[in-house]
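K.L.:
Below are the chains, spelled out letter by letter.
Number of protein chains: 2
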Amino acid sequence: MAVGLGPLPTLHPVPGFELGIASAGIKRPGRKDVVVMRCAEGSSVAGVFTLNAFCAAPVILSKQRVHGPVRYLLTNTGNANAGTGALGLAAAERTCAKLAELAGVPAEAVLPFSTGVIGEPLPVEKIEGALQAALDDLSENNWAEAATGIMTTDTLPKGASRQFQHDGVTVTVTGISKGAGMIRPNMATMLGYIATDAKVAPAVLKDLMLDGANKSFNRITIDGDTSTNDCCMLIATGQADLPEVTQASGALFEALKQAVFEVCMEVAQAIVRDGEGATKFVTVQVNGGGNHQECLDVGYAVAHSPLIKTALFASDPNWGRILAAVGRAGVPQLDVSLIDVYLGDVCIASQGGRSPSYTEEQGSAVMAQEEITIRIELGRGQCSETIWTTDLSHEYVKINAEYRT
Amino acid sequence: MAVGLGPLPTLHPVPGFELGIASAGIKRPGRKDVVVMRCAEGSSVAGVFTLNAFCAAPVILSKQRVHGPVRYLLTNTGNANAGTGALGLAAAERTCAKLAELAGVPAEAVLPFSTGVIGEPLPVEKIEGALQAALDDLSENNWAEAATGIMTTDTLPKGASRQFQHDGVTVTVTGISKGAGMIRPNMATMLGYIATDAKVAPAVLKDLMLDGANKSFNRITIDGDTSTNDCCMLIATGQADLPEVTQASGALFEALKQAVFEVCMEVAQAIVRDGEGATKFVTVQVNGGGNHQECLDVGYAVAHSPLIKTALFASDPNWGRILAAVGRAGVPQLDVSLIDVYLGDVCIASQGGRSPSYTEEQGSAVMAQEEITIRIELGRGQCSETIWTTDLSHEYVKINAEYRT
Numbered sequence: 001m002a003v004g005l006g007p008l009p010t011l012h013p014v015p016g017f018e019l020g021i022a023s024a025g026i027k028r029p030g031r032k033d034v035v036v037m038r039c040a041e042g043s044s045v046a047g048v049f050t051l052n053a054f055c056a057a058p059v060i061l062s063k064q065r066v067h068g069p070v071r072y073l074l075t076n077t078g079n080a081n082a083g084t085g086a087l088g089l090a091a092a093e094r095t096c097a098k099l100a101e102l103a104g105v106p107a108e109a110v111l112p113f114s115t116g117v118i119g120e121p122l123p124v125e126k127i128e129g130a131l132q133a134a135l136d137d138l139s140e141n142n143w144a145e146a147a148t149g150i151m152t153t154d155t156l157p158k159g160a161s162r163q164f165q166h167d168g169v170t171v172t173v174t175g176i177s178k179g180a181g182m183i184r185p186n187m188a189t190m191l192g193y194i195a196t197d198a199k200v201a202p203a204v205l206k207d208l209m210l211d212g213a214n215k216s217f218n219r220i221t222i223d224g225d226t227s228t229n230d231c232c233m234l235i236a237t238g239q240a241d242l243p244e245v246t247q248a249s250g251a252l253f254e255a256l257k258q259a260v261f262e263v264c265m266e267v268a269q270a271i272v273r274d275g276e277g278a279t280k281f282v283t284v285q286v287n288g289g290g291n292h293q294e295c296l297d298v299g300y301a302v303a304h305s306p307l308i309k310t311a312l313f314a315s316d317p318n319w320g321r322i323l324a325a326v327g328r329a330g331v332p333q334l335d336v337s338l339i340d341v342y343l344g345d346v347c348i349a350s351q352g353g354r355s356p357s358y359t360e361e362q363g364s365a366v367m368a369q370e371e372i373t374i375r376i377e378l379g380r381g382q383c384s385e386t387i388w389t390t391d392l393s394h395e396y397v398k399i400n401a402e403y404r405t
Numbered sequence: 001m002a003v004g005l006g007p008l009p010t011l012h013p014v015p016g017f018e019l020g021i022a023s024a025g026i027k028r029p030g031r032k033d034v035v036v037m038r039c040a041e042g043s044s045v046a047g048v049f050t051l052n053a054f055c056a057a058p059v060i061l062s063k064q065r066v067h068g069p070v071r072y073l074l075t076n077t078g079n080a081n082a083g084t085g086a087l088g089l090a091a092a093e094r095t096c097a098k099l100a101e102l103a104g105v106p107a108e109a110v111l112p113f114s115t116g117v118i119g120e121p122l123p124v125e126k127i128e129g130a131l132q133a134a135l136d137d138l139s140e141n142n143w144a145e146a147a148t149g150i151m152t153t154d155t156l157p158k159g160a161s162r163q164f165q166h167d168g169v170t171v172t173v174t175g176i177s178k179g180a181g182m183i184r185p186n187m188a189t190m191l192g193y194i195a196t197d198a199k200v201a202p203a204v205l206k207d208l209m210l211d212g213a214n215k216s217f218n219r220i221t222i223d224g225d226t227s228t229n230d231c232c233m234l235i236a237t238g239q240a241d242l243p244e245v246t247q248a249s250g251a252l253f254e255a256l257k258q259a260v261f262e263v264c265m266e267v268a269q270a271i272v273r274d275g276e277g278a279t280k281f282v283t284v285q286v287n288g289g290g291n292h293q294e295c296l297d298v299g300y301a302v303a304h305s306p307l308i309k310t311a312l313f314a315s316d317p318n319w320g321r322i323l324a325a326v327g328r329a330g331v332p333q334l335d336v337s338l339i340d341v342y343l344g345d346v347c348i349a350s351q352g353g354r355s356p357s358y359t360e361e362q363g364s365a366v367m368a369q370e371e372i373t374i375r376i377e378l379g380r381g382q383c384s385e386t387i388w389t390t391d392l393s394h395e396y397v398k399i400n401a402e403y404r405t
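Line by line, the protein sequences are chains A and B. Take the first sequence: its position 76, counted from the start at 1, is 76 in this note's numbering, and no numbers get skipped. Take the second sequence: its position 211, counted from the start at 1, is 211 in this note's numbering, and no numbers get skipped.
Think of the hints as simulated: they come from the structure by calculation, not from any bench. Just so it is clear, the structure is predicted and the values come from calculations on it, not from any experiment. Beta carbons are placed, not taken as given, at the ideal position from N, Cα and C, and that holds for glycine. Heads up, none of these hints are tricks.
Think about it this way: if two alpha-carbon atoms lie no more than 16 angstroms apart in a straight line, the pair counts; the simulated EDC-like pairs of lysine to aspartate or glutamate are: (1) K398/A <-> D316/B; (2) K398/B <-> D316/A; (3) K27/A <-> E402/A; (4) K27/B <-> E402/B; (5) K398/B <-> E395/A; (6) K398/A <-> E395/B; (7) K98/B <-> D136/B.
To list a few chain A residues with every Cβ distance to chain B over 12 angstroms, as calculated: (8) E41; (9) Q163; (10) A248; (11) Q369.
The whole structure should be built from the sequences, with the hints applied where relevant.
P.N.:
Structure representation (structure tokens):
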């Protein structure tokens, strides 16, 4: 069902960053469900984490440990280790300690990540049993296998890669992500891992991560349900033969920032394209806002409206539902007579009512497309925001009604 | 599909309040789609109206006219006359003027109400053509017919009635409502009409309406989509042989307030029971909040979560989704270790994790019921709020994908 999402593009290896995949049989025997990533010594690591107050045990641990030297990222699917209290925290610590022991590093150098069903005890022994195989599998050429290994209800693996030249040296940025439901990232996505071989100090890397995530992962929504397990990590191995990148690095900093942003955007949008039951990829663009928050309020009111999402599924240009959502978004003193709404390039509503030039045929032609842009001009100021989302289909209900069966 | 909603109860006539039904053939020939209500001269009228900024033309007009003497309420289904701009306002004025002319009252004494598809021009001639038949049909005994006449995607008519005695005089409060989708009333419901034969001054009636609506209509949600056309009206004809009711009337005031509240609650909950595609009637109770707003934020996060709603549809006690919704509700400094969550009487989560005593069998037994209470104890203070909602089923998607076909 994925919309405009093909096979993985070429994912360039990142020198100093290796990935290993193994099967712990957490949900189904034989399924690849454990991914270990190794960062070369001296790597910088930055992360953004869910703002959900019920954040999962691995999130709590990773948030603490990301500030120290990080050598390994340990991901399991099939179990989120969320809503598991003190026992869950101990379980996450145990899997990290085991990996640290096998790898000969301090336990604090291992960051855990989990995704899957909430509230079940983490099967620690199963995961521990798969760690050696994952370590044996470590290779810089395993990005595609890792992208598959972190999938849950995803139908396709998600990844993106960019390279640029600086002073004759090639710099690589490669990333993968997973997620298809419980998606409204809040400072991060479900799970994302992006690595570069540039040398970047932790503070600068953190800014790059925040900037990259803010306009990509933090602007996608499938069902408005912010996950307990959202994490996105950015790793800089420093293996490229270039000076350390800082905000004062000029062209190198700008090129790296752009590459990180493009990888973030591509893997974030891939999550929406593969949204549970998605048949449409929808861009909601809000312009002319008095401030960014009111643009976001309007955008999310539209992007979360079950009535708009079912109309999108039906390819029905029921634009009245868009007006209704804009009107209930809570923007203070909203003057509807200044508002224009476009479906693609078709003006469907102007001055608060149906556009005089609009015909149902024009709306239907836009709605029949797989990729649709809804543009709302508020006429209040100069601010804009863009959000990406999906429709709401029978398949979404089916997937989520049957998720645990 | 309606949950726990049977045939209409006995709807006692309200002396001084008559209802007439006719067919204008707005959406389908022969369908009863025009309802006229006449209030006896001297009646007081109070109303609450949608806070959607894109409110419909009839809402704009009724909000203005409710402050003057009101004699007629004119309702049509099949067309919401919303998102129709200046032309829509003129159309609403024309239908009112025609009714006023036929009835021999000033145009300002007629309040219009519309419900149905948004953004289509109101078929003024069709409605005008049905007005004389509706006037000819006026009777105090037509509550049930009117409850049917105002239906759109409703599967059953909705009404409630209460009587009480005061000083040997019987006082009646009877009400009807409609609505099944685009339901998250904000100061009102889709459409509700409640009448009493008590004598009540407009200012007191307004307070009764606000109090009644606030804990009933304003606490139900089906899909979070606040309508452009929500209105709820309370009419007091003053025909009961009793003194005028004021806040100082003691027992009479309290009895009337209670009766109005009970009628509001019964017809508001009836809207949820008949929610589009509903297979469950769900009560979300949030206790122990530090203030009412945080209780509402948590309650609506749960009530609007597509993941919780699909789990309810599947009768799956996937309580991790409830924790995740509570955690993302935006309550500042939420201490998850103080939170308990109950499904019915079963404690599913305590201290932020799965309750040690919880078994999946217990959760499944509650989930198998048609009426389910989710209770969240925040452990932060003394405030409570309750919200009523439905599940999200295949049928909801089907109804809303095919709404205009």
